[in-house]
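Engineer: Single-letter residue listing:
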Amino acid sequence: MERIRNCFEKLSSRGEKPLIVYATACDPDCRRSLDVFKLILEYADMVEVGMPFSDPLADGPTIQKAHERALAAGANTRKVLELVEKLREFAPQKPIILMGYYNPIFVYGEERFIRDSASAGVDGFIVPDLPPEEGEDFSRKVKSMKLSPVFLAAPTSTDERVKKIGEVTGEFIYYVSVTGITGERDSLAFKEVEKDIQRIKRISGKRTVVGFGISKPEHIKQMYNSPDGFVVGSAVVRRVENWDIEELKELLKGLKAATKS
Amino acid sequence: MYNYPDEKGKYGVFGGKYVPETLMAALSELEEQYLKIKEDEEFQREFRELLKTYVGRPTPLQFAEGFSRYLGNDIKVYLKREDLNHTGAHKINNALGQALLAKRMGKKRIIAETGAGQHGVATATACAFLGLECVVYMGEEDVYRQALNVFRMELLGAKVEVVKSGSRTLKDAVNEAIRDWVTNVRTTHYIIGSAVGPHPYPMIVRDFQSVIGKEAREQILEAEGKLPDVIVACVGGGSNAIGIFYPFVEDKEVEFVGVEAGGYGLDTDKHAATLCKGKVGVFHGAKSYLLQDEDGQVTPTHSVSAGLDYPGVGPEHSFFKEIGRAKYTAVTDEEAIEAFQVLSRTEGIIPALESSHAVAWVLKNREKLSGKTVIINLSGRGDKDVNQIRDILEERKDLRIW
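Sequence order for the protein chains is A and D.
Note that the numbering used here gives residue 165 to position 165 of the first sequence, counting from 1, and the numbers run on in steps of one.
To convert, count from 1 in the second sequence and add 1000; that's the numbering used here.
Check before you lean on any hint, since a few could be wrong.
Here chain D is said to cover these stretches of chain A; the calculated rule only asks that three of the stretch's residues, wherever they fall, bring their Cβ under 8 Å from a Cβ of chain D [to be verified]:
| id | region |
| --- | --- |
| 1 | 57-63 |
| 2 | 104-111 |
| 3 | 141-154 |
| 4 | 157-169 |
DSBU-like, lysine-lysine: derived pairs with alpha carbons at most 30 Å apart [what the hints assert, rightly or not]:
| id | chain 1 | residue 1 | chain 2 | residue 2 |
| --- | --- | --- | --- | --- |
| 5 | A | K163 | A | K221 |
| 6 | A | K164 | D | K1008 |
| 7 | D | K1103 | D | K1036 |
| 8 | D | K1164 | A | K79 |
| 9 | A | K163 | D | K1010 |
| 10 | D | K1279 | A | K143 |
| 11 | D | K1008 | A | K163 |
| 12 | A | K221 | A | K256 |
| 13 | A | K216 | A | K256 |
| 14 | A | K10 | A | K163 |
| 15 | D | K1214 | D | K1036 |
| 16 | D | K1108 | A | K191 |
| 17 | A | K79 | D | K1279 |
| 18 | D | K1164 | A | K65 |
| 19 | D | K1164 | A | K216 |
| 20 | A | K143 | D | K1010 |
| 21 | D | K1372 | D | K1321 |
| 22 | A | K65 | D | K1270 |
| 23 | D | K1036 | D | K1010 |
| 24 | D | K1277 | D | K1252 |
| 25 | A | K10 | A | K249 |
| 26 | A | K143 | D | K1008 |
| 27 | A | K141 | D | K1279 |
| 28 | D | K1008 | A | K206 |
| 29 | A | K141 | D | K1010 |
| 30 | A | K10 | A | K221 |
| 31 | A | K65 | D | K1159 |
| 32 | D | K1270 | D | K1327 |
Just so you know, the hints here were simulated from the structure itself, not pulled from any lab data.
Glycine residues also receive a C-beta, built at the ideal position from the N, C-alpha and C atoms.
Let the sequences and hints guide you as you build the complete structure.
Structural biologist: Shown next as structure tokens:
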């Protein structure tokens, strides 16, 4: 929780917003994935470590394939946590958020999962198939360990729901920019997104970052004002899939530059 | 009084709504609208009328004299003839009900998933009948295995989307349908084909399918003057089973048996017997039993019957198992293939391979069932399986009963 708040505050004092970068753990395998995340951490202010799952139903084809590659490479919850441990050592101050579907967490055991994640150095959790109705318990347990549960809000979330999301979430809300799944998009409804994020922030009183579809620096520039941070996933994962490290570096550089007003 | 799901959509600890936030508003709207039409006399009258004139209900409860004689031991078997419905299976009860509901909700685009193709065909049928746009997701594997059903859906005006992700079967078709729904939720209604998925789906599907049990209850009282001792149904996701069980749920003396797909046997990893061999998990929006590995990854399944080839199961079945209201067991591919032939020969009815699992359980347990009255839910007809069975019996002459 501390690391996340410090991250927002420190950047804000410099007139910057966090660049939050997602990649799937153990893609294409656990060893090379470590290098990918180390590269990401040179540019990103926060990382999201995706826990591979056999049925990632909120994800588009790019990230689905990443999950398949990771599972084929033998990924499991323990290996994801080992990866986090190494990243924590590499970047002691940067927030690490685990993003994973609920079943592997449920099977591992919520409490044990939160405890082991905490000692690996995790700061927060995004569980896309755990809405507030089902996630209240999880949220309480995460908060009691001084970590941050991160709940999603969507364009379809009613005001009443946003209020509830604000209550269960930790340091911030993750606003899904589109009704849809993860994946690169040429363009987004920038005006509507900015407006809706203002609504979310007003009702919830929480910091709100935006993700889904953001794939180039221009996207960040086009809706810079309302969000408190920007999440990029599929655009990064596609470079990992092609193993185009130079291009990935260029992308990250450009994205980070765009988050500095 | 059995009164589930509770207001949170739970059956004990099972069920619930484990879906991305984007869908939560749509699920609330669906629940609200459904509860409205449930009490709406006009809607119910229209639905009843269509079940009668379009689907062909009520379906007969037939005393299976030849099959009962074959079993011996004074067992009286009745068959609930869902195979006689329009499109050849119970799936149309739910597809038509939900399509009518979607129309009421002003949604003009329907999506569905299908494994063997029965639910896809039923949904395409209902959409053609009601003038709705229809898109059916089907795994690439199943598209090859069930080419005729793909054409059938296209003939009915539906668009079949081939799913190439994951294992390219039913579970991936559900994933893809959910992804479509997340994207087009404002204009689209998703007709789930079984009693699975997030609340309120398991309840809606159960209610639309419970016409089976309501009729069967009246019919058996008429024929026998008493309730049956045992009701047997196959369980994949579990819609035909919950449909026939539910109206008998307060009749404690009536035993429920759900028969899962045992594939090559429960001691192998090639089966789809979720309640027999799975562990509790969260999948496709609900907490229920699930076939998964120790890391919570969903494992591949196998069944000779495509309609049972699914790693999850409806949450109400998990609850029935937990409270002991129903017993869940499995028969193997070979036992189902035997039953497929036996019923064909003793009754002149070629059953669906799915339903053959229920028939097989009765065959296998004829000693235990001595003197009992049994209803088998004959959920569908086997025309779709004849090619596959011919190929199998060509190769495995030892499985022929003649």
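Engineer: None of the hints should be skipped; say for each whether it holds.
Structural biologist: Do the hints match the structure? See the list:
With 4 residues bearing a CB less than 8 Å from a CB of chain D, the region 57-63 of chain A meets the requirement of three and the coverage assertion stands. Taking a C-beta to C-beta cut-off of 8 Å, the region 104-111 of chain A contributes 5 residues in contact with chain D, enough for the three needed, and the coverage statement holds. Under a criterion of three residues with beta carbons nearer than 8 Å to beta carbons of chain D, the stated coverage of the region 141-154 of chain A is upheld, 4 such residues being counted. Against chain D, the region 157-169 of chain A contributes 4 residues with a C-beta closer than 8 Å to a partner C-beta. That satisfies the three-residue criterion, and the hint holds.
With a C-alpha separation of about 28 Å, the suggested pairing of K163(A) with K221(A) holds against the 30 Å cut-off. Between the alpha carbons of K164(A) and K1008(D) the distance comes to roughly 15 Å, so the proposed pair stays at or under 30 Å and holds. Taking the CA atoms of K1103(D) and K1036(D), the gap is near 14 Å; set against the 30 Å cutoff, the hint holds. Straight-line distance between C-alpha atoms of K1164(D) and K79(A) comes to about 28 Å, which keeps the hinted pair within the 30 Å bound.
Straight-line distance between C-alpha atoms of K163(A) and K1010(D) comes to about 23 Å, which keeps the hinted pair within the 30 Å bound. Taking the CA atoms of K1279(D) and K143(A), the gap is near 28 Å; set against the 30 Å cutoff, the hint holds. Our distance criterion of 30 Å between C-alpha atoms is met by K1008(D) and K163(A), whose separation comes to about 19 Å. For the hint pairing K221(A) with K256(A), the CA-to-CA distance comes to about 11 Å; that is within 30 Å, so the pair holds.
Between the alpha carbons of K216(A) and K256(A) the distance comes to roughly 10 Å, so the proposed pair stays at or under 30 Å and holds. The hinted pair formed by K10(A) and K163(A) meets the criterion: a straight-line CA distance of about 27 Å does not exceed 30 Å. Taking the CA atoms of K1214(D) and K1036(D), the gap is near 21 Å; set against the 30 Å cutoff, the hint holds. Taken as a hint, the K1108(D) and K191(A) pair is honoured in the structure, with Cα atoms around 28 Å apart against an allowance of 30 Å.
Pair hint K79(A) plus K1279(D) holds up; C-alpha atoms about 22 Å apart against a cutoff of 30 Å. As the CA atoms of K1164(D) and K65(A) are separated by approximately 11 Å, the hinted pair is consistent with the 30 Å bound. Only pairs whose Cα atoms come within 30 Å are accepted, and K1164(D) paired with K216(A) is accepted, the gap being roughly 28 Å. About 25 Å separates the Cα atoms of K143(A) and K1010(D), which keeps this hinted pair within 30 Å; it holds.
Between the alpha carbons of K1372(D) and K1321(D) the distance comes to roughly 23 Å, so the proposed pair stays at or under 30 Å and holds. For the hint pairing K65(A) with K1270(D), the CA-to-CA distance comes to about 25 Å; that is within 30 Å, so the pair holds. At roughly 20 Å between alpha-carbon atoms, K1036(D) and K1010(D) fall within 30 Å of each other, so this suggested pair holds. Under the criterion of a C-alpha separation no larger than 30 Å, the hint pairing K1277(D) with K1252(D) is consistent with the structure, at around 26 Å.
For a cut-off of 30 Å, the pair hint linking K10(A) to K249(A) stands: about 24 Å separates their Cα positions. As the CA atoms of K143(A) and K1008(D) are separated by approximately 24 Å, the hinted pair is consistent with the 30 Å bound. Taking the CA atoms of K141(A) and K1279(D), the gap is near 23 Å; set against the 30 Å cutoff, the hint holds. In summary, the hint linking K1008(D) to K206(A) is supported, as the alpha carbons are separated by about 26 Å, within the 30 Å threshold.
A threshold of 30 Å between alpha carbons decides the hint, and for K141(A) with K1010(D) the separation of about 22 Å falls inside it, so the pair holds. Between the alpha carbons of K10(A) and K221(A) the distance comes to roughly 20 Å, so the proposed pair stays at or under 30 Å and holds. About 25 Å separates the Cα atoms of K65(A) and K1159(D), which keeps this hinted pair within 30 Å; it holds. The hinted pair formed by K1270(D) and K1327(D) meets the criterion: a straight-line CA distance of about 21 Å does not exceed 30 Å.
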